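Please model the complete structure; the sequences and the hints are all you need to start from.
Going by our numbering, the sequence shown runs without a break in its numbering and finishes at 576.
The hints are simulated quantities; they were obtained by calculation from the structure and are not laboratory data.
None of the values given here were measured: they were computed from a predicted structure.
If a hint is listed, it holds; no wrong ones were tucked in.
The calculated lysine to aspartate or glutamate pairs, modelled on DMTMM-like cross-linking and capped at a C-alpha distance of 25 Å, are:
no. : residue 1 : residue 2
1   : Lys553    : Glu520
2   : Lys464    : Glu520
3   : Lys463    : Glu552
4   : Lys464    : Asp532
5   : Lys553    : Asp498
6   : Lys553    : Glu533
7   : Lys464    : Glu556
8   : Lys463    : Glu533
9   : Lys557    : Asp532
10  : Lys534    : Glu520
11  : Lys481    : Asp498
12  : Lys553    : Glu531
13  : Lys463    : Glu531
14  : Lys534    : Asp524
15  : Lys534    : Glu556
16  : Lys463    : Asp498
17  : Lys464    : Glu531
18  : Lys553    : Asp517
19  : Lys557    : Glu520
20  : Lys557    : Asp524
21  : Lys534    : Asp498
22  : Lys553    : Asp532
23  : Lys534    : Asp517
24  : Lys557    : Glu531
25  : Lys557    : Asp517
26  : Lys507    : Glu520
27  : Lys464    : Asp524
28  : Lys464    : Glu533
29  : Lys463    : Asp524
30  : Lys557    : Glu533
31  : Lys463    : Glu556
32  : Lys553    : Asp524
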Amino acid sequence: MSEKSNEKKHLVLVHGFGLGAWCWYKLVSLLTTQGPHRVTALDLAGCGVHPKQLHQISSISDYIEPLTDFLSALPEDEKAILVGHSYGGIPVALAMEKFPEKISGAVFVTAFMPNCADLLK
Numbered sequence: 456m457s458e459k460s461n462e463k464k465h466l467v468l469v470h471g472f473g474l475g476a477w478c479w480y481k482l483v484s485l486l487t488t489q490g491p492h493r494v495t496a497l498d499l500a501g502c503g504v505h506p507k508q509l510h511q512i513s514s515i516s517d518y519i520e521p522l523t524d525f526l527s528a529l530p531e532d533e534k535a536i537l538v539g540h541s542y543g544g545i546p547v548a549l550a551m552e553k554f555p556e557k558i559s560g561a562v563f564v565t566a567f568m569p570n571c572a573d574l575l576k
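Right, here's the structure in full:
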């Protein structure tokens, strides 16, 4: 097994529309106890326990701000694997476009996946 495959992975879980980080609780538990993974489940704006209220969100940028703030704060030497469920595929795709240097992969779990052909070049 290569040294690369033994590295601790940092998975960032992005929930679907109308949900919150809470929807990932079983998966977070499994990933952290069954493997050498760091797992972060985020509440997007207006969801879960995030303090922003729905009337304060006027754009997709406002909605995904918790994800973009998280990725902006990642250390330069760290990359994340984004996992988006359902509508969470949109924030994942947008983050891939904005932060290609901070993302090592993405998983779309029954998620909306826009045409990402340009992202794969």
